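Asker: Here is what each chain is made of, one letter per residue.
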Amino acid sequence: MRQYITRRLLEMIPVLIGVSIVIFFIFQLAPGDALSGNIDPKMSAERKAEIRHQLHLDEPVWVQYGYWAKGMLHGDLGESFYYKQPVSEVIHTYVWNSFYLSLAAFILSILIAIPIGVVSATKQYSVFDNAFTIIALIGISLPSFFFGLLLIKWFAYDHMIFPVSGMRTAGSSATGFAAFKDVMYHMALPLIVLTFGSLASIMRYTRSSMLEVIRQDYIRTARAKGLREKVVIYKHALRNAMIPIVTIFGMSLPGLFSGAMITEQLFNWPGIGPISLIAVNNRDFMLLMGINMFLAVLTLLGNLIADVSYALVDPRIRLK
Amino acid sequence: METNTEKKVNIKGAKQEDIMSPWKVVWKRLKRDKLAMIGLYTLIILVAVAVIGPFFSYAMEATDIENINAAPSMQHILGTDEVGRDVFARLMYGGRISLSVGIVSVAIEVLIGTILGGIAGYYGGVVDNIIMRLVDILMCFPFLPLLLMLSAVMSARHVDPKYRIYVVMFIIGIIGWGGLCRLIRGQILSLKEQEFMQAAEALGLKDRRKIFRHLLPNTFASIIVSATLSVGGAILTESSLSYLGLGVTPPTPSWGNMIQCAQDIYTLTFQPWRWIPPGVCIFLTVMAINLLGDGLRDALDPKLKR
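Going down the list, the protein sequences come from chains A and B.
In terms of our numbering, the first sequence is residues 1 to 320.
In terms of our numbering, the second sequence is residues 1 to 306.
One chain only, chain B, in its complex shape (with noise of 0.2 Å):
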């Protein structure tokens, strides 16, 4: 019996070696999944090269006063910007900042928008009506004018461009929560009706537990999925208001305003190496994370016959 107990994984109860956790079902179902594959390790090679690359490249600030806007060759293979700047050491510099706009707004989207729909759902009434209320007011806002709005704001306010990185993250992430916070509530609303919250109930566990250690795990498919596929709506965002001028602006280089040269004729027909990789980048890791998000939809919906 005691190597038997030895053997139980400590996740959300006792399971037994032979049966599979429900996140080893989960890799299973995803792994058959062509599609989803390819996008993660496309996500992989992305994340892994902006990460460790800028080790062995050219410093992001460091100029070839030699080579200016010098097409690709072997000492710059991406070939060099105005001032001479490596455009393939800068396309990965921007990638961290990109990546992780995209990451912490989402972040911030999830932590508020799952513990609002959470505290709605669970007590119901008056609360929940104010919750929603409020989520009824951010989601009739179109999403750009709101952040164009916030822009504005910034930009009058004079951000110093080292902080405007994380302003452009709190910004996404205190405007995108509103849908997320609503798919919780709907869950938490018929997921409390179960046994399990009678049992909860009965044991007089107190409120905050049963919200966050019953009732919000029951939901963490749906907060995988909508987190997944935010993230790729976020880095779209971050690189759209930043090919504006609006978002993360120069000298921080990000995937969106590497692009903002292309404003310029000379630039976009005589120069694509300075524009067209930022743009594919974009598009690979959106899309890399599209594929991604659908493949755990599907692997995560146990009603789901395939």
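Same shape as in the complex, but just chain A (with noise of 0.2 Å):
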């Protein structure tokens, strides 16, 4: 095992370097650079050269490259021009909003879905099944900034049950529970947004794997002992319908991080989404760059704990 995880971080190597080299030179497309875009108009010519030279940004392409990627060795993705800040100090600042508002949809999603999935594929082309398979595939269908500028307009402004953007009230100085459930106040309507564009995956996923393991000889075994149908379903079954599911949790993981940047950006949840496009309006494309190799990192690494978890849950998998 430690062999085949050693194995699988050395072949990311030559992947994150084609990430980087990708990422840096669609940028290179773009016209001009970090200081031809919005800069203080009074600033002389020499100035600017000289913070050019600073920047490495009058030198050859690839010895830019090898700055940024170097500095990336050290931890260091540069400094972020509209925030005035090293860029993984930004995206330390934000990512956690992110990370509570995803983790909580992500959770609510598995609870809610995983029990529809396993009814669903005891009770195969049924009514309930049927009428899921359908509500799944709306969740999948409707664009989630329409969603949601749905439930603005239906619960913030029509009946004024839940605020309409945020993540605190402003001015608010509560600490402690008073603190968590002002979040919680706010997180409801991007929550219920994002666990609904979720919930289609999981269930899918679990009806599909519940059907295969419920025609399996064991289960007749099991029946046939005489065992009640719950217990084989819930105890024999589920099980390892569940080893699948596992390898979700690894997938997921980038996404817990970016998968929500149009519902952040609608809710004006102070998260990753909005920063990304506060950099793409504003050129910074240092926090660009830097937001992006953060997230293609955590794709490799989500892929493979998702790889590894499958392996420690399931013993006829063997990793080489």
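Since the hints were made in silico from the structure, they are not lab data.
Among the clues, some could well be false.
Heads up, simulated BS3-like pairs for lysine-lysine below, C-alpha to C-alpha not over 30 Å straight-line [what the hints assert, rightly or not]:
#1 A/LYS225 - A/LYS123
#2 A/LYS123 - B/LYS31
#3 A/LYS123 - B/LYS28
#4 A/LYS235 - A/LYS225
#5 A/LYS70 - A/LYS48
#6 B/LYS24 - B/LYS162
#7 A/LYS48 - A/LYS123
#8 B/LYS34 - A/LYS123
#9 A/LYS48 - A/LYS84
If you want the ones that stay clear, here's a sample from chain B, every Cβ over 12 Å from chain A, calculated [what the hints assert, rightly or not]:
#10 VAL26
#11 VAL47
#12 PHE55
#13 GLU66
#14 GLN75
#15 VAL127
#16 ARG209
#17 LYS210
#18 GLY245
#19 TRP255
#20 THR269
#21 GLY293
Since we're looking at a predicted model, the values are computed, not measured.
Think of the CB as a built atom: it goes at the ideal place given N, C-alpha and C, for glycine as much as any other residue.
Take the two lone chains, each set in its own frame, and fit them into one complex as the hints suggest.
Answerer: So, in structure tokens, the structure goes:
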């Protein structure tokens, strides 16, 4: 196992180099550099040249890439122009807000989707199964921003049940449980949007995995032994059906940090989504490059975690 | 005998008339699937209205200055927007844009995905390794942040709004082919070990012919299903990007950028006719495509017992 993990980690290196090259050169396609964007117009040409020199912008592209890559190896993703802070610090400030929101949505959708998936599988083609198949499809087909706007209109403006946007009540100095309650209150609507969007895949995954398991011989044996149907399904079948579901956790890792961009933007949730859009609109390319690099690493780690956890729970799988 | 040869259908080898062609079998199975047929008909209606409708309605840019922000009425069945343009007319033009972005970008995806997947699967070795590492790199970008990056560059280059739509198609297509490429490669790997490929080998066919005439046609089922579902995804992506102001930008209408007006609180609460119809259109289209795609998957899968 240790050997396998080491090998996979080593294999990540060329992929990450590739990713960093792609990211870097995409931004070379943009005309001008960071200094030709929103910069103080009173700045003198010499000062500009000086800064360009400091940032190595006057050197050939591949040398610039070298500096950027070298910085990354030291954990230095460069400086954000808009926030006037190191990129890693900006990411650190906002990423956790994204994480809490996405994690809450993830847990909620698992709690809802897995039981529905199991019942759907045991009553295949029943009214229940068909109804939830359609609900799942609605969840994938409804654009998150449109669903969010509908919720904002109905719940926030028409009935004023939930706040329109943000993460905390402005000017609130509540601490402890009151602060937590305030955040939850703000989280409700984005949470509904995100959960509804991610229900479908987990539901379908559970359903098909469960369908496969209940056709197995040992389930027939369990039934033949005269076990009650409940025990057969929830004790014998469900445990094995959950094995592929484990991989979802790993696969969701990058999504936990980035998947909610549009929803976050819609509800003005102070996470990675809004700052990415601010970066796009202000040509803060260093920040965008940093965010993308960060997410690419998470994706690779997530895949590795998915594979390893699969092998951990399923002794039939041997990692080589 | 002569009449018999005449009756042979000329698609992929000879098929007698009394034997149903695979496509007929698929169609017959699909027809039994009520949900898929609902999807298909919805889609046909939506496409027909978007393509034909504009000939019978207000022009896309025609403004009715007396009725600005007017609620739905007999004159403007879905009301008008902030400069008095007919919302229903713009909805149909927007439909043309959104649907074509979906179709063209998926066409690009399929083209790149199948060709590279076919080549990687057939040749194996170094070629396979290079292509698959490319796919790895592509797939480890989260979709939306990568799109944001590319749109940022597009905005920085000040692409003319008229041409933005083509750039959007291209961007969505160029970053979406990874999954299909992997799928095709996997299937080719197992297909090329089968007997008919030994026959092809024995006939001394060229590699190109073997890949494009013998291997890839056998993966059509997965290509069709994957492409159908991708069109839905591409339409969603385009609408999200356009909603954020990073995709198709006004004056070109798209369903996504028509919803942008809902960012204004007054419009959001008091002028729902301006942003709910395009949202419903996106939803209906993507839903119809997903229903059809699911139905096609079931109809095309010969192993399925139902």
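Asker: Now tell me, hint by hint, if it's right for this structure.
Answerer: Do the hints match the structure? See the list:
1. A/LYS225 - A/LYS123: holds (22 Å)
2. A/LYS123 - B/LYS31: Holds, because 24 Å separates the two Cα atoms, which is no more than 30 Å.
3. A/LYS123 - B/LYS28: Cα-Cα ~26 Å, so holds.
4. A/LYS235 - A/LYS225: Holds - the C-alpha atoms of A/LYS225 and A/LYS235 are around 14 Å apart, at most 30 Å.
5. A/LYS70 - A/LYS48: This hinted pair holds, its Cα atoms lying about 24 Å apart.
6. B/LYS24 - B/LYS162: violated (42 Å)
7. A/LYS48 - A/LYS123: violated (69 Å)
8. B/LYS34 - A/LYS123: holds (19 Å)
9. A/LYS48 - A/LYS84: Satisfied, since the Cα-Cα distance of roughly 17 Å is no more than 30 Å.
10. VAL26: The assertion about B/VAL26 holds, with a minimum of 21 Å to chain A.
11. VAL47: holds (17 Å)
12. PHE55: holds (28 Å)
13. GLU66: holds (28 Å)
14. GLN75: With a cut-off of 12 Å, B/GLN75 remains clear of chain A, as the shortest Cβ separation is near 26 Å.
15. VAL127: Holds, because the least Cβ-Cβ distance between B/VAL127 and chain A comes to about 17 Å, which exceeds 12 Å.
16. ARG209: Given a closest Cβ separation of 33 Å, the condition holds.
17. LYS210: Check passes; 30 Å lies beyond 12 Å.
18. GLY245: The claim is violated: B/GLY245 sits with its nearest Cβ about 9 Å from chain A, within 12 Å.
19. TRP255: With a cut-off of 12 Å, B/TRP255 comes too close to chain A, as the shortest Cβ separation is near 9 Å.
20. THR269: The assertion about B/THR269 is violated, with a minimum of 5 Å to chain A.
21. GLY293: violated (10 Å)
Comparing the model with each earlier hint shows violations of hints 6, 7, 18, 19, 20, 21; every other hint is respected.
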